[in-house]
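Go ahead and model the full structure; you've got the sequences and the hints to work with.
If you read the sequences in order, they're chains A and B. The opening residue of the first sequence carries number 1 in UniProt numbering; numbering runs sequentially from there. The opening residue of the second sequence carries number 1 in UniProt numbering; numbering runs sequentially from there.
Be careful, since some hints might not be right.
What the hints assert, rightly or not - Pairs of lysine-lysine, PhoX-like flavour, derived with a Cα cap of 25 Å:
1) B:Lys139 <-> B:Lys46
2) B:Lys179 <-> A:Lys36
3) A:Lys283 <-> B:Lys112
4) A:Lys36 <-> B:Lys245
5) A:Lys221 <-> A:Lys10
6) A:Lys36 <-> B:Lys112
7) A:Lys272 <-> B:Lys245
8) B:Lys59 <-> B:Lys40
Claimed, not checked - Stretch by stretch, here's where chain A covers chain B in the computed footprint (C-beta under 8 Å, at least three residues):
9) 56-68
10) 159-169
11) 196-210
12) 230-236
Simulated from the structure, these hints should not be mistaken for laboratory data. All C-beta atoms, glycine included, are put in the ideal place defined by N, C-alpha and C.
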Amino acid sequence: MLVKALTGSKKYWGWTIFLLVLIATGFACYLWQLQKGLTITGMSRDVSWGLYISQFTFLVGVAASAVMVVLPYYLHNVKAFGRITILGEFLAIAALIMCLLFVIVDVGKPMRILNMIFYPTPNSMFFWDMIALNGYLLLNIIAGWHALEAEYKAVPPPAWTKILVYISIPWAVSIHTVTAFLYAGLPGRHYWLTAIMAARFLASAFASGPALLIILSYIIKRVSKFDPGREAIQKLAAIVTYATIISVFFVGLEFFTAFYSQVPAHGLDTLKYLFAGLDGHGKLVPWMWTFAILAVLALVLLINPRTRTRDTYLQAACVAVFVSMWIEKGIGLVIGGFIPNPFERVTEYVPTLPETLIALGVWATGFLILTFLYKIAIAVKEETV
Amino acid sequence: METSRRNFLKAGGACLLGLTIWPAVKGFAGNSTEYITSSKALTGEKWGLVIDMKKCWPKYQEGCRECFLACQRAHNIPDVTNKEEEIKWIWTEPYENAFPEQEHEYIAASIKGKPFIVLCNHCENPPCVRVCPTKATFKRRDGIVMMDYHRCIGCRYCMAACPYGARSFNFSDPRPFIKEVNPEFPTREKGVVEKCNFCAERIDTGLPPACVEACPAGALVFGDLDDPNSEVRKILASRYTIQRKPELGTHPCIYYLV
Ligand code: SF4
Ligand code: SF4
Numbered sequence: 001m002l003v004k005a006l007t008g009s010k011k012y013w014g015w016t017i018f019l020l021v022l023i024a025t026g027f028a029c030y031l032w033q034l035q036k037g038l039t040i041t042g043m044s045r046d047v048s049w050g051l052y053i054s055q056f057t058f059l060v061g062v063a064a065s066a067v068m069v070v071l072p073y074y075l076h077n078v079k080a081f082g083r084i085t086i087l088g089e090f091l092a093i094a095a096l097i098m099c100l101l102f103v104i105v106d107v108g109k110p111m112r113i114l115n116m117i118f119y120p121t122p123n124s125m126f127f128w129d130m131i132a133l134n135g136y137l138l139l140n141i142i143a144g145w146h147a148l149e150a151e152y153k154a155v156p157p158p159a160w161t162k163i164l165v166y167i168s169i170p171w172a173v174s175i176h177t178v179t180a181f182l183y184a185g186l187p188g189r190h191y192w193l194t195a196i197m198a199a200r201f202l203a204s205a206f207a208s209g210p211a212l213l214i215i216l217s218y219i220i221k222r223v224s225k226f227d228p229g230r231e232a233i234q235k236l237a238a239i240v241t242y243a244t245i246i247s248v249f250f251v252g253l254e255f256f257t258a259f260y261s262q263v264p265a266h267g268l269d270t271l272k273y274l275f276a277g278l279d280g281h282g283k284l285v286p287w288m289w290t291f292a293i294l295a296v297l298a299l300v301l302l303i304n305p306r307t308r309t310r311d312t313y314l315q316a317a318c319v320a321v322f323v324s325m326w327i328e329k330g331i332g333l334v335i336g337g338f339i340p341n342p343f344e345r346v347t348e349y350v351p352t353l354p355e356t357l358i359a360l361g362v363w364a365t366g367f368l369i370l371t372f373l374y375k376i377a378i379a380v381k382e383e384t385v
Numbered sequence: 001m002e003t004s005r006r007n008f009l010k011a012g013g014a015c016l017l018g019l020t021i022w023p024a025v026k027g028f029a030g031n032s033t034e035y036i037t038s039s040k041a042l043t044g045e046k047w048g049l050v051i052d053m054k055k056c057w058p059k060y061q062e063g064c065r066e067c068f069l070a071c072q073r074a075h076n077i078p079d080v081t082n083k084e085e086e087i088k089w090i091w092t093e094p095y096e097n098a099f100p101e102q103e104h105e106y107i108a109a110s111i112k113g114k115p116f117i118v119l120c121n122h123c124e125n126p127p128c129v130r131v132c133p134t135k136a137t138f139k140r141r142d143g144i145v146m147m148d149y150h151r152c153i154g155c156r157y158c159m160a161a162c163p164y165g166a167r168s169f170n171f172s173d174p175r176p177f178i179k180e181v182n183p184e185f186p187t188r189e190k191g192v193v194e195k196c197n198f199c200a201e202r203i204d205t206g207l208p209p210a211c212v213e214a215c216p217a218g219a220l221v222f223g224d225l226d227d228p229n230s231e232v233r234k235i236l237a238s239r240y241t242i243q244r245k246p247e248l249g250t251h252p253c254i255y256y257l258v
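Shown next, in the form of structure tokens:
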């Protein structure tokens, strides 16, 4: 099956080469980072995690794409998802590989990263996150690949893969929960120290993952003979709608607790920094308002059935969901948590150019993997239609 | 610090990118939670410090920085000029910043804006130890929260977890920034976290922390918080002291007289 990734149109190769260029640029910058240290990034003593870890956090959410098609298909027998479970699983694989790469580019001593395995430390949430993410990656690789192979050979997938699929459902919940716990258990980081952190992670994941899957489904429909099916897309749209509503609701809950109680230790200062600026610093304010506007726009388009069922509106809504969740989780949440610092001072963070290029390189790697995997999956599906 | 580890550090520094470090790390750092103490070692169950800023200030105003300098000399702390990437073990912060939750509008002028010495609190319940995924940050039996620079992967989880801003990351190679290298103590590489170690290496040879010894005003009092007869306990029993952010449940072992 693998060879199917090696034949394709000019456009396919053009896209591949574009991604390869981004990867090469990112890799070159990474070599420079290895040489110089993380000083080439915008991170500091005060904002000690930046773009890398925030992308990691966001992409863990994207990996939820898999469970949101697998769960309805296997547990509720939603037949429409049968055609696209593989797309969800492959998207999860690409997202998880990006997550792992983002951790590797973030650590100061990447060559020592296996110390996490040589000295396993169960009291660290990082340890559990490593297990959760790698386990989920493995589950999706095995289950996805066997399902596709079975489709290729026109036989039902082996029964044991179904067990893996069932395991993968609670496992998917665990990856978001444990990733949220990375943040939610730290004393003194008021913005993160909230019991609904894991719930927020789940909600925004179930919005952003399926939203991306819808966008990808439309792209696939355009560039190939395989049609993921209108019903599947509409069902996903319903999931995105609910998840976005819940996500925005949860953000509202944080606002209420902070602003009504007026207790600084409930993230009051961070929310002020993010949405209005604090002590004259407000680099993230335009971003956060973009988030707010896009989220509202997405909700309007999604809740109204007339716009949700129209392709163009749905596409716009999904882009809005994806971008708004990316801002909220991929920028605001992680960076906001460090502001103000333990001395109640504001140190702002702006990623540098090499840092951004490295991040882009990782994204490009993920999309290259995704492109190859989807190419194979679609080629198989085109043959069997 | 044991000699074998010191030697290892020198060797480790020489091998570019530390690619070959792993087998050696296993050999030396593998038992880093065990520490070898000489017979002269100070023994204590829970080391702590009481800082009397009123004793410090007159000297401080005259420009005394003996405690910082002693620490810097003892531990090869690089003098990184970029504020955002500074390596700090012991320094001062204005009262409002060191004790943000204990500050109010009408605070006495004798305290407002005054510098307070801050350092790692060697928390009894340290979140940095809890989160470290490699046990590179660990707590010794005498309460000192220590780091193994050879095991640290530089994930900076501990920096996110420490509510006191006590940890610094080596964003670049620190060695060019060290004014005078003390061969008795390891220098660090880029990519690892570091912080105050309460002079564990001195305590293990019977000496008090360098800052305590260096202070000409006797503003820093060091001792065993578990021993009711220690000097620190006597001060704590007789005078009103505060800790930084006690509400976080970390149980800091650094106390302040105000
Ligand atoms: S002050 Fe910070 S670094 Fe020191 S023990 Fe406490 S949490 Fe850890
Ligand atoms: S940076 Fe080093 S000491 Fe800190 S948590 Fe990571 S491995 Fe542990």
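- Task: Sort out whether A:Lys10 lies within 25 Å of A:Lys221, counting only the CA atoms.
- Result: holds, 18 Å
- Given the hinted pair A:Lys36 and B:Lys112, is their alpha-carbon gap at most 25 Å? Status violated; Cα separation ~41 Å.
- Query: the segment 56-68 of chain B covered by chain A? Criterion: 3 or more residues, Cβ-Cβ distance below 8 Å.
  - Reply: Three-residue rule not met by the segment 56-68 of chain B, so violated; n is 0.
- Query: Would the pair B:Lys179 and A:Lys36 pass a check requiring their Cα atoms to be no farther apart than 25 Å?
  - Reply: holds, 20 Å
- Item | Three-residue Cβ test at 8 Å for the coverage of the segment 196-210 of chain B by chain A | Since three or more residues must qualify, the claim that chain A covers the segment 196-210 of chain B is violated, with 0 doing so at under 8 Å.
- Query: Given the hinted pair A:Lys272 and B:Lys245, is their alpha-carbon gap at most 25 Å?
  - Reply: OK: A:Lys272 and B:Lys245 at ~22 Å, within 25 Å.
- Query: Taking 25 Å as the top limit, are the C-alpha atoms of A:Lys283 and B:Lys112 close enough?
  - Reply: With a Cα-Cα distance of about 30 Å, the restraint between A:Lys283 and B:Lys112 is violated, given a limit of 25 Å.
- Message: If you count the residues of the segment 159-169 of chain B with a beta-carbon closer than 8 Å to a beta-carbon of chain A, do you get 3 or more?
- Response: Satisfied; 9 residues make the cut.
- Message: So if I understand the rule, the pair passes when the alpha-carbon distance is 25 Å or less; does B:Lys59 with B:Lys40 pass?
- Response: Violated, at roughly 32 Å.
- Message: Against the 25 Å threshold, does the CA-CA distance of A:Lys36 and B:Lys245 hold or violate the hint?
- Response: Roughly 36 Å between the alpha carbons, so the hint for A:Lys36 and B:Lys245 is violated.
- Message: With the threshold set at 25 Å, check whether the alpha-carbon distance from B:Lys139 to B:Lys46 stays at or below it.
- Response: holds, 11 Å
- Task: Count residues of the segment 230-236 of chain B with a Cβ under 8 Å from any Cβ of chain A, then say if the count reaches three.
- Result: Contact hint for the segment 230-236 of chain B vs chain A: violated, 0 residues under 8 Å.
Consistency with the previously given hints fails for numbers 3, 4, 6, 8, 9, 11, 12, ordered from lowest to highest.
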